[in-house]
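Listed here are the chains, written in short residue letters.
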Amino acid sequence: MPNIVVCYKWVINEQDISVKEDTLELNCSRAKYKISDYDRNAIEAAVRLCEKYGGSVRTVSYGDENVKASLKDALSRGPAEAYWIEDPSSITADSYVTANVLAAAIGKTGAYDMVVCAEGSSDTYAQQTGARLAALLNVPAVTYAMELDWQDGNIIVKRKLADIVEILQMKGPVVISVLPEICEPRIPGLKQVLAAGKKPSTRLNVSELSLSDEQLKPKNRLIKIKGAVSERKHVLIKEEDMAKNVDKLLEYLRVE
Amino acid sequence: MRDIWIYSESAAVATQMIACAGKISQTGKLRVFISSEDGTHSIVRAGVDEVTVFRSADGRAESCVEALSALAQTERPLAILFESSCSGKEIAARCAAILGTGLVTDALDIRNNEGIIETDRMVYGGLAIATEALSSPSLITLAASLYTPAAALGAADASLRIQEADGGSAINIVDRLPIERASVDLTKADKIVCVGRGVGKKDDLNLIYEMAAALGAEVSCTRAINEYQWFPPESYIGISGFKVRPSLYIAIGVSGQIQHLSGIRDSKTVVAVNNSESAPIFASADYGIVGDLYDFVPCMITALRKN
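Going down the list, the sequences are from chains A and B. Take the first sequence: its position 31, counting from 1, is numbered 30 in numbering that gives the first Met the number 0, and each next residue is one higher. Take the second sequence: its position 135, counting from 1, is numbered 134 in numbering that gives the first Met the number 0, and each next residue is one higher.
Do not take every clue at face value.
[What the hints assert, rightly or not] Derived lysine to aspartate or glutamate pairs resembling EDC-like cross-links, with alpha carbons at most 16 Å apart: (1) K305/B to E64/A; (2) K197/A to D72/A; (3) K51/A to D151/A; (4) K305/B to D189/B; (5) K187/B to E64/A; (6) K237/A to E250/A; (7) K223/A to E117/B; (8) K22/B to E113/B; (9) K237/A to E276/B; (10) K225/A to D108/B; (11) K225/A to D119/B; (12) K267/B to E255/A; (13) K190/B to D285/B; (14) K223/A to D108/B; (15) K305/B to D162/A; (16) K267/B to E209/B; (17) K22/B to D108/B; (18) K31/A to E64/A; (19) K28/B to D57/B; (20) K22/B to D2/B; (21) K232/A to D108/B; (22) K223/A to D294/B; (23) K237/A to D285/B; (24) K267/B to E230/A; (25) K198/A to E64/A; (26) K232/A to E250/A; (27) K33/A to E64/A; (28) K243/A to D294/B.
Bear in mind the hints are in silico, worked out from the structure with no lab data behind them.
Turn these sequences into a full structure, and let the hints guide you.
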């Protein structure tokens with residue numbers, strides 16, 4: 000029976016971020032948090048595997064003071080248990096720090112067959128965490144998984160590359176990062192949300208993880224973050240009927 | 000001056016990354032690592048100092064991670080530039096973890112600021128650009144927009160070595176299957192019509208295809224539509240799908256979620272048709288028409304055929 004750890008990130012919803020027109024600074028003050036989009040697919044993939052073959056899913060997340068608010072959402076999606084690391088170091092963490100913390104935390108949660116991550120987070124989409132975790136945990140990495148199955152203790156993965164699909168087979172422990180198309184995440188019902196409140200969750204402190212100061216210090220330093228400049232023309236064509244709209248559009252396109 | 004390394008699965012892509020390496024160092028040696036023996040005769044004459052081909056017993060490009068990171072550990076290059084392919088990103092991330100250094104994926108620009116490598120990359124689904132100063136050695140995967148056609152070959156032959164790379168991995172390859180896609184390569188299409196959730200049902204695609212044919216355009220879709228399976232699997236446009244750069248991109252009934260917009264930002268001209276004036280797609284369009292796509296498409300077909 001598969002024993003799975005899923006990592007997810009509690010991120011601000013990028014749709015709530017506004018960009019100041021003059022300075023291009025980001026305003027995140029109205030932004031709500033969410034479980035990173037593709038992480039929901041990762042949780043779903045792990046939960047479905049265990050619903051089919053038995054076993055258990057636990058989640059691990061590393062974030063700032065807001066991360067605790069994610070537990071109910073995460074657990075309502077089917078995992079049995081949640082671990083979280085709440086630490087201010089997460090605010091400036093790059094993929095190096097994040098992987099160090101997650102790898103150490105995963106080690107604290109017990110044995111596993113699989114660590115499942117999403118292909119990338121919806122905020123930075125760095126696509127590093129899964130592969131880094133595999134290297135730090137010293138287990139094989141399987142990235143870009145589009146299908147995941149379990150057959151008599153063997154893990155079977157369909158891995159999608161640019162022009163080829165690899166069918167891979169291995170025994171755990173392994174780290175697998177999954178593509179969003181692996182499955183559609185469920186929308187938890189009231190019953191699942193209520194049940195989530197009763198599931199166990201454990202806070203891990205960074206101080207228990209035996210990490211050096213160096214391992215908690217980002218390697219890459221953020222110099223600035225600015226709204227992307229759109230150089231689009233923003234011409235809205237508003238003629239009296241559609242035929243005229245189309246004529247006008249084709250006129251514009253001819254001079255492009 | 001410290002060396003610049005390039006890693007690519009193929010000699011063809013490595014050649015296109017050389018100009019970018021030149022942006023951050025003119026004086027250090029340029030060393031190329033590839034995991035395929037195809038095209039080595041051209042890469043050795045492309046103006047690089049040394050070419051290493053990793054040959055793995057299992058044929059997986061990823062098997063070079065241990066060898067590449069061990070070399071980087073002893074030789075400490077200034078930077079390693081990786082191809083932003085699926086394997087390239089996995090290899091880069093595993094090397095970064097082994098070396099205990101940072102990594103920037105999908106860099107849109109790279110600079111050398113007095114010995115410190117700086118990069119720009121997209122964050123928040125393309126809403127913003129983050130500029131970072133990198134640790135050393137600086138590991139970067141280059142966005143395809145940074146690739147430039149190779150300069151004429153003709154430099155003196157670089158030294159060529161073949162290195163066995165055994166991943167020693169516990170992963171067993173059961174099969175390798177080519178992906179059956181639509182015959183066209185969307186990333187090279189000159190004109191693209193993209194279908195979003197505004198298109199109500201699969202039968203309506205006929206009309207879209209008619210318009211695309213009159214335009215000489217390819218037809219693709221958003222990730223939301225991809226889930227309806229109206230198109231060949233995995234052929235959608237967006238951050239996790241294809242990143243396209245056509246001269247003309249027409250969004251039909253596409254709302255314009257950030258994840259989708261990041262896949263179309265390199266398009267030359269963007270046209271959007273949507274019945275909601277508040278659809279975010281209009282903020283990323285050159286020309287917008289607020290209206291019913293079921294009025295627009297037939298009018299377009301008529302007008303295009305008349306011309």
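Inset, instruction - Given the hint that K232/A pairs with D108/B, test it: the Cα-Cα distance must not exceed 16 Å. - result: violated (24 Å)
Inset, instruction - Starting from K223/A, check that the Cα of E117/B is at most 16 Å away, please. - result: This hinted pair holds, its Cα atoms lying about 11 Å apart.
Legend entry - Holds or violated: K243/A to D294/B, with C-alpha atoms at most 16 Å apart: Holds. K243/A to D294/B sits at ~12 Å (cutoff 16 Å).
Inset, instruction - Please work out if K22/B and E113/B have their alpha carbons no farther apart than 16 Å. - result: Answer holds: K22/B to E113/B is near 13 Å, not above 16 Å.
Inset, instruction - Given the hint that K51/A pairs with D151/A, test it: the Cα-Cα distance must not exceed 16 Å. - result: Roughly 12 Å separates the two Cα atoms, so the pair holds.
Inset, instruction - Sort out whether D2/B lies within 16 Å of K22/B, counting only the CA atoms. - result: Distance of about 13 Å is within 16 Å: holds.
Inset, instruction - Take the C-alpha atoms of K305/B and E64/A, compute the straight-line distance between them, and say whether it is at most 16 Å. - result: violated (62 Å)
Inset, instruction - Please work out if K31/A and E64/A have their alpha carbons no farther apart than 16 Å. - result: holds (14 Å)
Legend entry - Pair hint K232/A and E250/A, alpha-carbon separation not exceeding 16 Å: holds (15 Å)
Inset, instruction - Mind checking the alpha carbons of K28/B and D57/B for me, to see if they're no more than 16 Å apart? - result: violated (31 Å)
Legend entry - Given pair status - E64/A, K187/B, alpha carbons within 16 Å: Violated, because 45 Å separates the two Cα atoms, which is more than 16 Å.
Inset, instruction - With a cut-off of 16 Å on the C-alpha distance, tell me whether K33/A and E64/A pass. - result: The given pair, whose Cα atoms are some 14 Å apart, holds under the 16 Å limit.
In the structure shown, a violation is registered for the earlier hints numbered 1, 4, 5, 15, 16, 19, 21, 22 and 25, in ascending order.
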